[in-house]
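These protein sequences, in sequence, are chains A and B. Numbering-wise, the first sequence is residues 64 to 836 according to this note's numbering. Numbering-wise, the second sequence is residues 43 to 259 according to this note's numbering.
FYI, nobody ran anything at the bench for these hints, they're computed from the structure. Bear in mind that the values here come from a model prediction, so they are computed numbers and not experimental data. Some hints here could point you the wrong way.
[What the hints assert, rightly or not] What the simulated footprint calls covered on chain B by chain A, stretch by stretch (three residues with Cβ under 8 Å from a Cβ of chain A suffice, anywhere in the stretch; the number is not a length):
hint: 1; segment: 84–93
hint: 2; segment: 143–151
hint: 3; segment: 219–228
[Unchecked claim] Derived DSSO-like pairs: lysine-lysine, alpha-carbon spacing no greater than 30 Å straight-line:
hint: 4; chain 1: B; residue 1: 243; chain 2: B; residue 2: 195
hint: 5; chain 1: B; residue 1: 249; chain 2: A; residue 2: 267
hint: 6; chain 1: B; residue 1: 138; chain 2: B; residue 2: 154
hint: 7; chain 1: A; residue 1: 632; chain 2: B; residue 2: 243
hint: 8; chain 1: A; residue 1: 576; chain 2: B; residue 2: 195
Even for Gly, the Cβ is constructed at its ideal location relative to N, Cα and C.
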Amino acid sequence: MKEKNFWKWFVCLKDMIMLKQKNSLTGTVLLIFVFLIVFGFSQQAFAKEAEENNQEELFEMGIEELMEIEVETVTTASKFAQKVTDAPSSVTVITADEIRLYGWRSLADILGSVKGFYTSYDRSYERIGVRGFSLPGDTNTRILILVDGFRMNENVRGHGGIGHEFLLDTDLIERVEIVRGPGSALYGSNAVFGVVNVITKDGKGIDGFEFSGDMFTEKFKRLEAQRGRITYGKEFDNGLDWLVSASLYGRDGRMMYYPHFNEIDPEEPPEPGQIWPPDGYTPNDDEFFHKFFTKLTLGEFALEAGFSRRKKEIPTAPKGAVFEPEYHQWKFDTQAFVGLTYEHEFSDTSSILGRLSYNAYNHRRKLKYWSPQWWEYDDYGYAINPSQFDRRGTWLNGELQFTHEPIENHKLTWGTEFQYNGRQDMYMTRRGDEEVYENDDPCLPIIRYDSWMNHLLDVQKNSRTWGLYVQDEWTMSDTLALNAGVRYDNIEGSLARDTINPRFALINNWSDKTTAKLLYGTAFRSPTIQEVYYEDESEELEQTSADSRGGLDSETIETYEIVLEHYFKPNLRGSLSLFHYKLLDFINNEWIATPTAQNWQNWGMAQASGLEAGLDGKWENGVRARASYSFVDTRYREPRYNIVDEDAYLDEKTPGRMPNSPLHLGKLNLIVPIVENKVFAGFEAQYNSRRGTTWHWRWNDEDEPVAVKRKTNDYLLANLTITWLDVVKNMDISFGVYNLFNTRYYHPAWGDNELLSVEQNGRSFLFNLTYRF
Amino acid sequence: MKKDMKKKKDTRKITAILLLLSFAAVGILYAAEGESAPSKEYQVKAAFIYNFIKFVDWPEETVGDDSARSITIGIIGENPFGGAFEAIIKKKIHDKEVVVKHFGGFAKNSVKYRQDNETKYKYKDEEALKACQVLFVGPSENRYCKEIIDIIKDNCVLTVGETRYFLEDGGIVGFVTEEKKVRFGINLIAAERAELTIRSKLLRLAKRVIKQEERNS
Chain A
64 MKEKNFWKWF
74 VCLKDMIMLK
84 QKNSLTGTVL
94 LIFVFLIVFG
104 FSQQAFAKEA
114 EENNQEELFE
124 MGIEELMEIE
134 VETVTTASKF
144 AQKVTDAPSS
154 VTVITADEIR
164 LYGWRSLADI
174 LGSVKGFYTS
184 YDRSYERIGV
194 RGFSLPGDTN
204 TRILILVDGF
214 RMNENVRGHG
224 GIGHEFLLDT
234 DLIERVEIVR
244 GPGSALYGSN
254 AVFGVVNVIT
264 KDGKGIDGFE
274 FSGDMFTEKF
284 KRLEAQRGRI
294 TYGKEFDNGL
304 DWLVSASLYG
314 RDGRMMYYPH
324 FNEIDPEEPP
334 EPGQIWPPDG
344 YTPNDDEFFH
354 KFFTKLTLGE
364 FALEAGFSRR
374 KKEIPTAPKG
384 AVFEPEYHQW
394 KFDTQAFVGL
404 TYEHEFSDTS
414 SILGRLSYNA
424 YNHRRKLKYW
434 SPQWWEYDDY
444 GYAINPSQFD
454 RRGTWLNGEL
464 QFTHEPIENH
474 KLTWGTEFQY
484 NGRQDMYMTR
494 RGDEEVYEND
504 DPCLPIIRYD
514 SWMNHLLDVQ
524 KNSRTWGLYV
534 QDEWTMSDTL
544 ALNAGVRYDN
554 IEGSLARDTI
564 NPRFALINNW
574 SDKTTAKLLY
584 GTAFRSPTIQ
594 EVYYEDESEE
604 LEQTSADSRG
614 GLDSETIETY
624 EIVLEHYFKP
634 NLRGSLSLFH
644 YKLLDFINNE
654 WIATPTAQNW
664 QNWGMAQASG
674 LEAGLDGKWE
684 NGVRARASYS
694 FVDTRYREPR
704 YNIVDEDAYL
714 DEKTPGRMPN
724 SPLHLGKLNL
734 IVPIVENKVF
744 AGFEAQYNSR
754 RGTTWHWRWN
764 DEDEPVAVKR
774 KTNDYLLANL
784 TITWLDVVKN
794 MDISFGVYNL
804 FNTRYYHPAW
814 GDNELLSVEQ
824 NGRSFLFNLT
834 YRF
Chain B
43 MKKDMKKKKD
53 TRKITAILLL
63 LSFAAVGILY
73 AAEGESAPSK
83 EYQVKAAFIY
93 NFIKFVDWPE
103 ETVGDDSARS
113 ITIGIIGENP
123 FGGAFEAIIK
133 KKIHDKEVVV
143 KHFGGFAKNS
153 VKYRQDNETK
163 YKYKDEEALK
173 ACQVLFVGPS
183 ENRYCKEIID
193 IIKDNCVLTV
203 GETRYFLEDG
213 GIVGFVTEEK
223 KVRFGINLIA
233 AERAELTIRS
243 KLLRLAKRVI
253 KQEERNS
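Build out the structure end to end from the sequences listed, making use of the hints.
This is the structure:
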């Protein structure tokens with residue numbers, strides 16, 4: 064009888080959480096998860112008893128014995144990695160343990176779990192959204208991505224890769240420091256909404272060889288993706304620390320359905336074997352990457368180098384390209400990087416830091432278009448015009464930073480940074496079609512199409528920027544500190560004018576446990592080469608560059624924020640922040656006119672107001688939890704269109720919410736040890752409310768063009784990873800289920816897609832094995 | 043009708059999500075209620091402190107009436123040891139009982155004043171602090187290490203801390219964690235000033251010893 068009741072209760076709970084999805088597998092997984100939690104918490108009681116006995120034993124030991132005990136296990140560190148309450152902004156730190164135990168496989172996965180952040184994937188790039196801002200067409204240009212302090216945003220379109228095109232394998236990340244709010248007062252351009260600094264591991268931590276292999280599948284019938292990594296790390300007797308790692312990844316895309324491209328007339332179903340018209344299904348979602356990274360540390364010097372090449376097949380037919388499974392459209396991202404760091408401490412309070420790096424970034428996009436020369440068809444029976452778009456950037460960056468304490472209670476940081484963008488090139492070619500008249504008299508109707516490679520775009524630029532900054536951390540009293548900084552940036556070339564960006568943070572430690580911060584800051588982003596010079600002279604598009612229209616201004620942001628942080632317990636921190644962001648002159652390319660248009664212009668003002676609340680805790684039995692909620696309301700001048708004779712005119716701009724800006728975000732992350740220091744369960748749940756798409760052309764039932772805009776569904780996404788350390792000596796395995804509830808969810812697509820939204824992956828499984836020797 | 047259904051479904055969804063989040067919050071708060079057990083690091087450090095007492099001799103005159111019978115371990119700031127010391131409270135070292143005393147955080151319990159153009163601090167329980175035989179500076183007091191040491195440096199107190207520059211600040215024994223193992227350093231100059239005799243065995247095991255010569259060179 065009792066069991067029956069329990070079962071009823073369970074089914075109720077399951078129905079409630081599963082949002083009425085009838086699926087026995089998810090139910091089972093959920094049941095397992097509930098048990099894991101119950102088990103984990105009940106362990107706490109046993110653990111405490113064991114500890115007391117343990118303590119008796121420790122007191123019996125001599126010093127020599129005590130010195131041999133290892134005290135840092137994976138989860139026992141109950142102190143936070145750093146006291147984040149002292150930082151002059153809202154900061155989150157993600158550690159290597161968390162990355163492993165939650166089964167995160169890209170930087171996008173990591174950032175997506177963080178308070179106030181969300182990602183969007185259009186099956187070509189992962190885009191990051193911060194506090195309600197994720198503008199259409201934005202390639203993470205408004206967030207600064209750093210690797211060990213080196214700038215990773217490339218210099219042609221400001222792209223900061225967070226997907227698989229990111230320089231590093233996630234396994235090489237020691238920790239990720241995420242700083243919300245403007246960072247231009249220290250970092251210059253791009254640090255509009257935040258700074259993400261990725262710190263790499265040392266060879267010392269690896270100590271030997273490490274092999275890791277992943278298998279990823281949607282259904283167990285087919286191996287969808289696999290990844291291999293080999294890493295060697297060691298600290299030699301002379302103090303030299305060496306880490307070297309190589310990774311390889313390949314993914315055979317899964318069949319996805321894009322209803323927009325389904326051109327089948329339901330009244331005339333296709334016969335078997337018929338390939339035209341397309342039915343909206345395509346498996347063209349392959350992805351490959353290889354990465355290489357090495358780091359040498361000797362005393363005060365660190366030299367690192369990385370190479371990454373990622374090749375992604377684009378299934379969404381961007382920029383009006385062909386949607387046909389026979390034709391593969393690719394994007395290639397290749398980057399190489401060398402960096403040198405020098406750090407020297409003169410005394411406890413004064414130190415110097417120097418960085419010098421050289422980066423190269425190539426992007427290549429290969430698309431295929433319909434050709435009007437229908438008679439020049441290929442093996443598949445289609446006439447196709449290929450096009451190729453290249454972005455090539457190289458840059459040399461140097462930074463020097465000096466910290467000292469000239470007066471008591473004033474910690475000053477002086478710094479200068481320069482960047483020489485040696486190459487900022489864009490090339491675009493497309494096999495074009497031109498009408499060639501065989502007769503001199505154009506009135507005669509004998510017309511032949513001739514085709515050759517049209518050089519649509521040939522931009523070759525270089526530029527120089529430099530900046531000077533100073534920051535003062537002034538400890539006014541025991542409880543009050545002021546952190547003020549200002550940076551001057553000089554940008555050469557037609558890109559933008561000089562800017563000065565200040566930042567103030569007043570930090571008040573009310574008590575040992577409570578900290579209040581008042582923050583004000585501005586930041587800027589200079590327009591990228593692509594935004595200024597991109598144009599498309601092909602007949603059907605006729606886009607002019609912003610340069611020819613008078614250029615673009617830098618966009619700036621002004622932010623106001625109040626942060627309250629409170630340690631309920633030494634191991635449990637709560638935080639609350641209220642903020643108001645004002646983005647001025649932001650550069651937007653939200654146009655309806657053609658799906659392929661990239662007409663960037665300074666749009667005016669966008670605003671965001673919201674609050675974020677978070678709880679962050681760690682317990683001695685190894686349970687770690689993070690929960691957060693954020694609410695952001697964004698406002699900007701939303702375009703309205705008037706369609707006359709199949710031409711869209713910008714009618715007016717009226718206040719509206721920004722596209723791709725969810726109102727509510729909820730996150731829950733939980734690590735529960737099932738067997739102490741051996742088996743862990745990592746669970747994460749993310750709730751995203753609805754996001755608006757941008758305006759798109761559609762035809763209504765009467766075959767008239769209309770401008771439409773939709774909202775994607777809200778969704779609850781959950782992932783569960785079980786990690787078993789030291790299955791046999793030096794071998795770890797983990798098994799992850801991504802999208803546990805098989806939620807069907809969509810992300811808004813970007814301006815260059817005809818699609819309104821793109822479906823995301825359903826439930827998938829990942830198996831990982833790591834072996835060290 | 044259909045719209046109604048959809049609305050209903052939406053409400054249910056939101057309820058479900060809110061429930062889930064509130065469960066999470068309640069769970070976290072509930073788990074936080076229990077007194078946090080000491081981490082292994084502090085269990086080991088407690089055992090270290092117990093050993094230090096064995097290898098340190100306090101001057102005779104301070105072993106007066108009250109302290110003749112007991113050795114007081116003071117912990118200033120938040121207590122990271124939990125109940126780790128409970129096991130030795132019953133035990134005796136050199137025929138003396140061990141007493142553990144907790145002191146409030148320095149920032150809250152001290153008054154700042156200026157004397158001879160120098161900023162000085164007056165701690166509320168200063169006398170009790172000076173009467174301790176061992177004083178552990180807890181992790182919450184890392185910012186005030188120097189100030190705390192300044193107050194008690196002329197008394198016979200074995201100061202134990204764990205900040206990076208604890209010895210430079212004038213502390214006597216400083217813990218450091220190296221390759222996941224606990225090590226310690228000793229500042230002999232400070233120990234001499236506090237009139238403490240540290241036995242050679244402890245000095246031999248120390249990772250780093252600050253002596254008079256070192257300062258001169």
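message: I'd like to know which numbered hints this structure contradicts. Please list them from smallest to largest.
response: Numbers 6, 7, in rising order.
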